[in-house]
Amino acid sequence: MKLKLTVISLLVFALFAGAAFAEPAKFHIGIMTGTVSQSEDDLRGAELMIKMYGDSANGGMVTHITYPDNFPSEQETTISQIVGLADDPLMKVIVVNQAVPGTAEAFRRVREKRKDILLLAGEPHEDPGVITEAADIATHTDHIGRGYTIPLGAQKMGAKTFVHISFPRHMSYETLGLRRAIMEEACKDLGIKFVFETAPDPTSDVGMAGAQQYILENMPAWIEKYGKDAAFFCTNDGHTEPLLRQVAALGGFFVEADLPSPLMGYPGALGIDLSKEQGDWPAILKKVEEAVVKAGGGGRMGTWAYSWGYTTTAALAEFGKRYIDNGHDKDPKYIGSAKALKDMREAYDAFCPGAHWGASYFIEAATGVKNAKFILLRQDTYVLGGGYLGLADVEIPEKYFQIRMTPVKN
Amino acid sequence: MSAIFNEYCEILTEFLAQWGISLELGLLIAALILWLLLYIGRGLAFFRFLMRWYQRLIILAGLIALGFWLFYIGREHKIYLDNKAMNDYKPFEQVNVSINGGTSAELMARDRDLRKVVGPEFELKAEVLDDNGEIVSTVTKTINLGFSKDIMINLPVLVGGSGDFIVPAPR
Amino acid sequence: MIRRLFDIIANNAVPAVFIIISAFAIPLSGYSASYLIQELLTRIGRNSFLILSLLIPIMAGMGLNFGMVLGAMAGQIGLLFICDWGIVGIPGIVLACLIGTPIAIILGIFCGHVLNRAKGREMVTSYILGFFINGVYQMVVLYLMGWIIPITNPALLLSRGYGVRNAVSLLGIRGILDNLIPTVITGTQGAGQFFNAQGGNPFILLQIPLIDGSIRIPLATLIVIALFCVFIIWFRKTKLGQDMRAIGQNQAVSDSAGIPVNRTRIIAIVISTVLACYGQIIYLQNMGTLNTYNSHDQAGMFSIAALLIGGASVSRASIANVFLGVILFHLMFIVAPVAGKNLIGDAQIGEYFRVFVSYGIIAIALVLHAWKRNREREAARRSLRGNKGGE
Amino acid sequence: MIGRFIQNAGWPRIIIALFLLGLFIAAPFVGVRVDTSLSNTLVRFGMNGVMVLAMIPMVQAGCGLNFGLPLGIIAGLLGATLSIEWNTEILAKLVELGTVYKISWLNEVFVTNWRAALGFASAIIIAVPIAAVLGWFYGKLLNRVKGDEMMIATYVGFSSVSFMCIAWLLLPYKHPTMVWGYAGRGLRTTISVEGYWLHVLSDALALDIHTENIHLYIPTGMLIFFAVMAFLVWVFMRTKTGTAMTAVGSNPDFARASGVNVDRMRTIAVVMSTILGAVGIIVYEQSFGFIQLYMGPFYMALPAVASILLGGASVNKAGILNVVVGTFLFQGILTMTPSVINSYLQTDMSEVIRLIVSNGMILYALTRKVRAGR
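Protein chains in written order, with the numbering used here: chain A, 1 to 410; chain B, 411 to 581; chain C, 582 to 972; chain D, 973 to 1346.
Hint data in this document are derived by calculation from the structure and do not stem from the laboratory.
Here are some of the chain C residues that sit facing chain A, going by a computed Cβ distance under 10 Å:
#1 Y612
#2 S615
#3 L617
#4 T623
#5 R624
#6 F914
#7 E932
#8 Y933
#9 R935
Looking from chain B toward chain C, a few residues come up when the C-beta cut is under 8 Å (computed):
#10 L435
#11 L473
#12 L476
#13 G477
#14 F481
#15 I483
#16 G484
#17 R485
#18 E486
#19 V528
#20 K559
Predicted model, so just to flag it, every value in this text is computed and none were measured. Cβ atoms here follow ideal geometry from the backbone N, Cα and C, with glycine treated the same way.
Please model the entire structure based on the sequences and the hints provided.
Next up, the structure:
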């Protein structure tokens, strides 16, 4: 009896659910990001889009959802949330940033139902081949290009030695390991000495505090060993903060962080209170710049002027909007064309007044095949107290695309 | 007798084909269902582990054999198609290759393409084209891969008629 | 009378609460009926086998088998092997089951022995056992595979030469079972559109005028699940099944009646583990990607939550509970985040709410059950006092 | 003699202690410093000790292992965040008191020199009543589910953590160092306690030798704090209430017969455990340097449970010695395996080894034959 009742009531609710809201916007853009505790910047980018184009619940354009904090174990939720976006008949663009595992599968399911939706993935966690088989375009930070531009930036700033700080777990990641190999080669070509230093892994038992302590304590020794004209680079966000503090105080150069943003490390390292700026990137940058110059690091420390996660969410949604507005959905040859690459650059530039982006298609090192759905992006480095370095338009020499990952020699 | 059996097989294949199931697969499913029925029919013998040791051995051997058979029929192979010079054979201007009647790959000189096939055996059809796009010659070949994994096929050698057209796949 | 009322509430509170929440959440989410039905059907196909594997240990009085993650891990090892060898399609799935079975049997025997040493604490022990075996699993997959256990496919192997990648794409067996007998339901208009999208592949078509859009039905998976339900019903009637139920009622009495208690309990766990192994394979063939180190994490947690939400308790669970549970729990999963967002205007709160509910509901269901059992025990003690005293 | 010792200590402890000793001996050969390792072990011992101590009352009262520790931790987190939120107000209030009652030294001593200590104390003072209230309800709940405490405790812990995820977002915190930068509301995932009460216990009376040959750091203050807490628990377990509690744990029927209110004793034990959990997390945070919110406390019960079991406690009997030995061994293994094994094998197996060792210990304890009871 009980069961029967529940089943009947279920059916009734299901029928009710059929009645959808009426919307004035012509089409909708679905955005999925992490929650604040996972990745704040991504989420704020989505909030910016809601501010610009309105929430679809109130007749605007943007539908924003989040993936679970525990996304590795709860793929099921990620998938059904994304597929749920495609349930809206007006949905024309879906943006997932970051594209956590499960996104490719979700995109496949959306494709099976709806061929007319543009699927965009930011910072995919899945392999390039896997994600682009389902997504229309995926964008990723340019780990290959930056392997060349970061040492180049160091050289432009005046460095003679390049110190790469990391640990085994990170070096076993394909992207990070490959970038290290490229950096080593680039340093050789640029006439800079390349050094690899190991620091403790913050996820290991020493914890974040221990890992940061290690950097704080070792920096004086490193400066002594490699001189004040050494540039430092670390792969872990946690290491960035103490590194910045010591570079400002002791000397050396810092081109940019692994995931560069004015908020990456600087506020913590120099004790900057940014509570009033709240998402105003030029103001944040200005305040960080003042603090760096005051701390004596002017001209020696750089960053990206705008956060990667924030811009990616906004730019992908903007790209999607322009794609529909300009009628590119009628043109089957658009995705993968030079025009698309240019439009993507422009979409990114739209949210970064003053800064520029370099964009290129991903080339698989093993086969040499160009993947025209996977776009690599890098922002121009901004030296605090020195201005832009002009790295965005640098042509990456062909040879760096051929480099394979090599094991770390300690 | 055998004619009736063949006809029956054909009807069965056709019947199964509408769901995209091959004959082997259909037989496998039938065997499984049969096994399940027998299994239930035997009651709890299996759970109670009361079977004699040789019965267990036979079942174990059967399962291992089933495993090998599944491995044999279910394996996906990458077939690299290579239109490059090898030995004394020159690459063709253009050659269209289709595998098991699928969409054909158009290979210009020095091109390489990749197709995937499932199962140990496949049929390859290569059409060599001249400058004007006319088909000059057509070669059809059935290739058995056995337990090997990926292979590369050098098309000039294959069409030229020499036997050693299978080259190790690139890694 | 009051006790009866209490019983009724305790037995139905959880499903009732869920129905009420859903009643509010479904209209709030704004999803279309066809999407909801499609998602629910997919999830029934995907999850019910895993949940059904919990039934047999409950029958044997061993509570909710958190150790089913052991079976899930065995299934994943089977899948890793077929991925490495490149076996696709139905043969791939069957071969994965074939490889997973002996691993699941060995793990199940181990789990059964451990649980026999922890009688009365089976649930918490099997829960910790899951963590323990997870450590061993990580050891095997992250360090031994590619080093001692031969894995060669570069798509699987980490580039350092040993250890399996974090995410493995299961394209070769993706949706194979679900689409074995392609079936679709469409409304009166949707048929032609769907047919075009299919590229003319044959499928079974059912038309129901009420529905907008098209709904795919994983018919073959549902048939497998139905067969399995038949198996459970049949199994209950066998001698072994009867023994298990007797043990579930009272171990001491069963022992004196000549039932080998410990052995029967081990068999119950072995069956559950093996079935969980198959369940995980069915689950992953639908998901299409294997998160090597995380996919099994939540298998036990979510299956148990779904079963409890379906109205089952620690000592009593039926097949109907399973299906009601899948529907209610996953309905919650689908609508809660969006409903929360539409209600509060913040997407993440809905997400956190969903997590809270899934843990909270297990806590509530366990509390209700223990409470009820203690009341019964108390009542029994009161009526016995004077005769023997104690338990 | 030796046989007796082995029997008293138990094989698992001896094996693990020997393993740990082996690691310390092997350390110099793979380039790991023994002195820093020892310092790290001591720091971690102090950080986790009080949380392990929180297991004792519940185990002794027969409520099983406290898998619901996250509940206490949440109270501690609330105390910690509120102490930062109200930091200036609290200090201002004290200065005001000083001026009103004309105690000039109060201003000087408290607000300038003891600023950090005051913040830390206020965190504990705020956390304890919250923990007591939560613990009281939790105790009432556990009284209704006798026999199933551990499983239910686990899920009470989980659901309270996930409930607090919502609360952290919605509670009206304002302090700029704690809320999200852009939105100005909702707490961050990790909050630094630097500038408030970072290392307030660790650095008090700390022995810090940092020469060319020796890097030794002993967090004396934190260890003393742990000793005081342990002593208080020890004294309490010997008071009338404490012995009654133990009686309830070892034989509830007998205790009831001799006129002890079983449910009340159990509730007291649960309240105590929760309060100790709250204090424990604050001690942990002052050393760690960060308050971890959201899913941070999710699995924090497991290491504490593993520690006390490693120390020789069983599901229904635990003492201070078990806590000290267990925490030292557990944290020692945690500190030493990554550094030594990783340097030797060149891999990062430590996480996996930790999973296996800690859960293996819990499993071992759960499967041991227990005295007839309950």
